[in-house]
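Engineer: Protein chains in written order, with this note's numbering: chain H, -5 to 240; chain S, 770 to 1214.
I should point out that these hints are in silico values taken from the structure, not numbers from a laboratory. Note that beta-carbon positions come from the ideal geometry of N, C-alpha and C, so glycine has one too. Warning: the hint list may mix true and false statements.
Computed spacing ranges between beta-carbons, pair by pair [unchecked claim]: (1) S:Pro902 / H:Glu164: 47 to 55 Å; (2) H:Met185 / S:Ser1083: 33 to 41 Å; (3) H:Ala77 / S:Asp901: 43 to 51 Å; (4) H:Asn132 / S:Asp995: 56 to 64 Å; (5) S:Ile1072 / H:His14: 17 to 25 Å; (6) S:Thr988 / H:Asp160: 49 to 57 Å; (7) S:Arg1026 / H:Ile181: 57 to 65 Å; (8) S:Ser1036 / H:Val60: 30 to 38 Å.
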Amino acid sequence: MEVGELGQHISRRFNEDLEHVRNSVLAMGGLVEEQFDRAVKALTDGNSELGLKVKEDDIKVNRMEVSIDEECSRILATRAPTAGDLRLIIAIIKTITDLERIGDEAEKIGVLAARLAGVERPSTNYREVRNLARHVKNMVHRTLDAFARLDSKAALDVVKADDTVDEEYESIYRQGITFMMEDPRTISRVMDTTWMARALERIGDHAKNICEYVIFMVHGKDLRYMGLDSIEAEVRKGVQREEAGA
Amino acid sequence: MRNHWASHLLALAGWLLGALLLGLIAGGPAWWLAGALAAYVAYMLRNVYLLDRVISGAPGLRTFGTRGLWPELVAGIDKIRAKSRNRKLRYHRLLREVSESTGALSDAGIILNPEKEILWFNTAATRLLGLDPARDIGNRIDNFIRHPDFVQYLEDPAGRSITIPSPTAELGFLLVQLIPYGREHQLAIVRDVTHERHLERTRRDFVANASHELRSPLTVISGYLDALAEADDPPESWREPIREMLRQANRMTQILRDLIELTRLESETSKAKYDFVDVADMLRGIVRELEARAERPKLTLRIESDAALLGSESELHSIFYNVIHNAVRFTPPTGSVDVSWGTDDAGGVFTVRDTGIGIPAELIPRITERFYRVDPGRSRATGGTGLGLAIVKHALQRHNGTLTIQSHEGQGSTFACHFSPARLVYRGGASKAAYNRPAPNVKSG
């Protein structure tokens, strides 16, 4: 399935509907990306006001989810889409759930950042968490790009990148335990930092989910809970089929 | 008729005439004539066939010999072909020039159709925005630049430009401007302003830090000067110098406070908060404070509306205070200053009209610049910091407001601050429902 294929319906309204709902998902993605950026900035700058603003604005993300959900239901009910269109709608319904969760995690990071702004900062200035945040931000960005381009190969790359994020989370977690044992006074701060790393790791997982929906949308294969190797094999097969067909 | 046509027709006539003559001699001239015509048709058919091959690419002139109708036709075709080849080459070269020069631009250029779909972009767009030339043509641009501010801007550009964080470079910033052209097409120009933003930020940080650092030593100096001014023991000759030092130290403190305030206003990107502010009450307080001064012009306050504002209390106070204080400073004690608060169709209006020295028309646009003084000697004598109107301008911007200044030199000036209806709250009347902060004295500060 290619981006251009969306424009091949006899009914122009149907084309426009599909195109519109797809654009809305990406607009929602943009909003979520910004929320995430601001939450991380709140941590970097120690800006509690910004962190709380993220919490306040989460309602916008939720509203968008509801409206896209309604639009999808309407398309399902009135147009009864099939094949690629049906996959698109299903993938969108799942994607917005994960996007909304990313928004929730960003909200969590914002609140934690606001709290951490009030306490003494460690000498590293949360370097590990910021590093992890950079990776995750990059993942989310590439995920949405892959969604926009219906690019299963790029989606696969993001799925692979999730392992690095998991490893980084693991190391922050272990480091935190060491800190807490060395100096119990840091416990509350380290706990907050760990929660933040946890939220970031979850965002990575949601991005990975969305990438799996992208692969599903493009090749029509459900790849959840499969090993990375078999996912890769499927994507390669699918791409080859597509190239042979083109 | 051209030469080769004439000779061809002549040859045809000769051929037919020859056949007719032979027919007359040998008998059956009709058969002879028909035979000759058939031979002519066959000859023509062969040549048309060859011509067809020439058109589709086989070398032509040799098959047809060098003279006569057919070689001329082939030569004509070749000429047209060469011409179009040249033209194509020229366009190709031009196109390459254009694409090379747009590729060399450091700014990204993207052409959008009315549906906001990407029609073309240069190589800088790939570098700055991460667009993929192989796949992204025909997709909507906000599928790739997804920042909410940009999405909103795309809906309604209105001749402005916006700055968004770069989607590709961390900590990068891009300035985007949409320029409409042709039939509803748009050209998006994107420039990397990371460096400018960085410089601007460095400047702001420097001013803020310097002001903060200067404040603490100054507090110590003022403290001792205060004590000295109160003390009885200093010799009489020192008394006046100490008072003067104290005055100047206080002025420096005021300047630093204004600088810090201005830097804060500049660096806040969001709009001011929406706290309930009772304008009439605040204005009464300011006027009362200024009335306590000796040597001042006549002050009158007119409250024409009981509308209140939603905004930041401290910032609104600085707006009102600075504008009124400014008018009082530049108006002689014999003159008058009229302060009024009211509403019109466009929202709330705060006006200060004075009969002071006025401002020359050409300097009006400059007086909101920091440290700009119309008459340096006089302004310093009246004890201003030179930052008042700059603060007013920035604080107003944060309250969706605008400042207009009218002035006649020697006759006085009128400063008007306009506030948008979104910031207004009417007590009583239809829009009471919109007023959801019932306790005016519960202010978060």
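Engineer: Indicate, hint by hint, whether the structure satisfies it.
Structural biologist: Going down the list of hints, with the structure as the test:
1. S:Pro902 / H:Glu164: 47 to 55 Å: Taking Cβ atoms as reference, proline 902 of chain S and glutamate 164 of chain H lie about 39 Å apart, which means the hint is violated.
2. H:Met185 / S:Ser1083: 33 to 41 Å: Holds - the Cβ-Cβ distance for methionine 185 of chain H and serine 1083 of chain S, about 36 Å, lies within 33 to 41 Å.
3. H:Ala77 / S:Asp901: 43 to 51 Å: Roughly 26 Å apart at Cβ, these two residues miss the hinted range, so it is violated.
4. H:Asn132 / S:Asp995: 56 to 64 Å: Taking Cβ atoms as reference, asparagine 132 of chain H and aspartate 995 of chain S lie about 57 Å apart, which means the hint holds.
5. S:Ile1072 / H:His14: 17 to 25 Å: Given a distance of about 51 Å, which is not inside 17 to 25 Å, the answer is violated.
6. S:Thr988 / H:Asp160: 49 to 57 Å: Once the Cβ atoms are compared, 53 Å apart, the range 49 to 57 Å for aspartate 160 of chain H and threonine 988 of chain S holds.
7. S:Arg1026 / H:Ile181: 57 to 65 Å: Distance hint for arginine 1026 of chain S, isoleucine 181 of chain H is violated at roughly 40 Å.
8. S:Ser1036 / H:Val60: 30 to 38 Å: With Cβ atoms ~35 Å apart, the hint holds.
Of the hints listed earlier, those the structure fails to meet are numbers 1, 3, 5 and 7, in rising order.
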